[in-house]
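Asks: Next come the chains, spelled out residue by residue.
Protein chains: 2
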Amino acid sequence: MVLSSAIEALKEALKALPGVGPKNAQRMAFHLLERDREGAKKIADALNNALEKITSCERCNTFCESTLCDICASEKRDKSLLCVVETPADLQAIEQVGAYQGLYFVLMGKLSPLEGIGPDQLGFKRLNQIVAENEIHEVIIATNITAEGETTADYTQQMLMPYDVKITRLARGVPVGGELEYMDQRTLAAAFKDRRATSQ
Amino acid sequence: MVLSSAIEALKEALKALPGVGPKNAQRMAFHLLERDREGAKKIADALNNALEKITSCERCNTFCESTLCDICASEKRDKSLLCVVETPADLQAIEQVGAYQGLYFVLMGKLSPLEGIGPDQLGFKRLNQIVAENEIHEVIIATNITAEGETTADYTQQMLMPYDVKITRLARGVPVGGELEYMDQRTLAAAFKDRRATSQ
Chain A
17 MVLSSAIEAL KEALKALPGV GPKNAQRMAF HLLERDREGA KKIADALNNA
67 LEKITSCERC NTFCESTLCD ICASEKRDKS LLCVVETPAD LQAIEQVGAY
117 QGLYFVLMGK LSPLEGIGPD QLGFKRLNQI VAENEIHEVI IATNITAEGE
167 TTADYTQQML MPYDVKITRL ARGVPVGGEL EYMDQRTLAA AFKDRRATSQ
Chain B
17 MVLSSAIEAL KEALKALPGV GPKNAQRMAF HLLERDREGA KKIADALNNA
67 LEKITSCERC NTFCESTLCD ICASEKRDKS LLCVVETPAD LQAIEQVGAY
117 QGLYFVLMGK LSPLEGIGPD QLGFKRLNQI VAENEIHEVI IATNITAEGE
167 TTADYTQQML MPYDVKITRL ARGVPVGGEL EYMDQRTLAA AFKDRRATSQ
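Which chain is which? The protein sequence lines are A and B, in order.
If you want the working numbering, it's the position in the first sequence, counting the first as 1, plus 16.
If you want the working numbering, it's the position in the second sequence, counting the first as 1, plus 16.
If you're looking for bench data, these hints aren't it; they were derived computationally from the structure.
A couple of the hints might just be wrong.
[Said to hold, decoys possible] Straight line, CA to CA, 20 Å or less: simulated SDA-like cross-link-like pairs of lysine to any residue:
hint: 1; chain 1: A; residue 1: LYS57; chain 2: B; residue 2: GLU54
hint: 2; chain 1: A; residue 1: LYS57; chain 2: B; residue 2: GLY35
hint: 3; chain 1: B; residue 1: LYS95; chain 2: B; residue 2: ILE152
hint: 4; chain 1: A; residue 1: LYS58; chain 2: B; residue 2: LYS95
The shape of chain A in the complex, shown without the other chains:
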């Protein structure tokens, strides 16, 4: 009886944010209403604006505000390279490194039978079409090195086998700055298995 229905509705809505449970949702609702009504207004406006403007790139699936994203539309990118990632966040992480100049394809998820996400729910059909219809020299599969990411990578690899295209995957191994002592066994095993020849 204490809280207003408007606050209850706000708490409930905030639980849609990843990693936000009931306690945290309440803390956020109270914080905004007590101390930052301007910030609350900005969030509401930014959400509505993003929902209205953000669509998917027709070609690569990533977020964009027009039919083609800046990368797909760019003349400077190497169109013979295609990097397959799970999400726009992954694409952005790779872009921030600045070492890759090809195009992308964003699956918008990963295979996850438990959550009912099979090949049909992801963009595999379009990926197949892109590889079939364009002169692509190499497809770099850059899914996450998790169980589901690896399954997704395996599926992608199988699907692209019929095409005359080089298929590569990200190197697995000890992260730069990583200490062997603190590395988990599977990472160490992968680093041994995929060890590189020294290039002296």
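We have chain A already, so just place chain B on it with the hints.
Replies: Positioned in the frame of chain A, the structure of chain B alone reads:
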């Protein structure tokens, strides 16, 4: 150049949420746009609805959707008891216990010279007026047991000294279920200092 300006604006806006930094804001923005556009719409609507409807109770300051909150408007509450708390969240925590039947006064913050919050920024003037004009038997100061909460409690206590009213504060001590071995020194010291007579 990768992300759209609408996403950048959304990430920036989400940082207004307590405990949400740039990384987390990006994760939230991507999650909503990738997987939960309906949830995003609900958040925006709930925020706008709350901003429009939620005001402060004229008497006690807590959130409400009319001039008086349900507690202040209730005939059943004991009007001779006044409990002073920092925030509506504190009020709600006490209400959930269900052991208190008096009225409240919400300061909407705590004294914090570092953040420029002095007595004038909080509701002390109105609190003073309420105690002066009503027949209040006891004021229970229930600020947080933190440095700033204790300062706020001290100030409240001093301010109400001139009135013929009993002033009490929450008991400090070992929390129920707490083990002495893991208790911090100040809590243990307070529990010793405020030890109760056994009521056999």
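Asks: Take the hints in turn and mark each one as holding or not.
Replies: These are the hints, each one checked on the structure:
1. Restraint check for LYS57/A and GLU54/B: satisfied, since their Cα atoms lie roughly 18 Å apart, inside the 20 Å limit.
2. Under the criterion of a C-alpha separation no larger than 20 Å, the hint pairing LYS57/A with GLY35/B is consistent with the structure, at around 18 Å.
3. Proximity of LYS95/B to ILE152/B is assessed by CA-CA distance (about 7 Å); at most 20 Å being required, the pair is judged to hold.
4. For a cut-off of 20 Å, the pair hint linking LYS58/A to LYS95/B is broken: about 40 Å separates their Cα positions.
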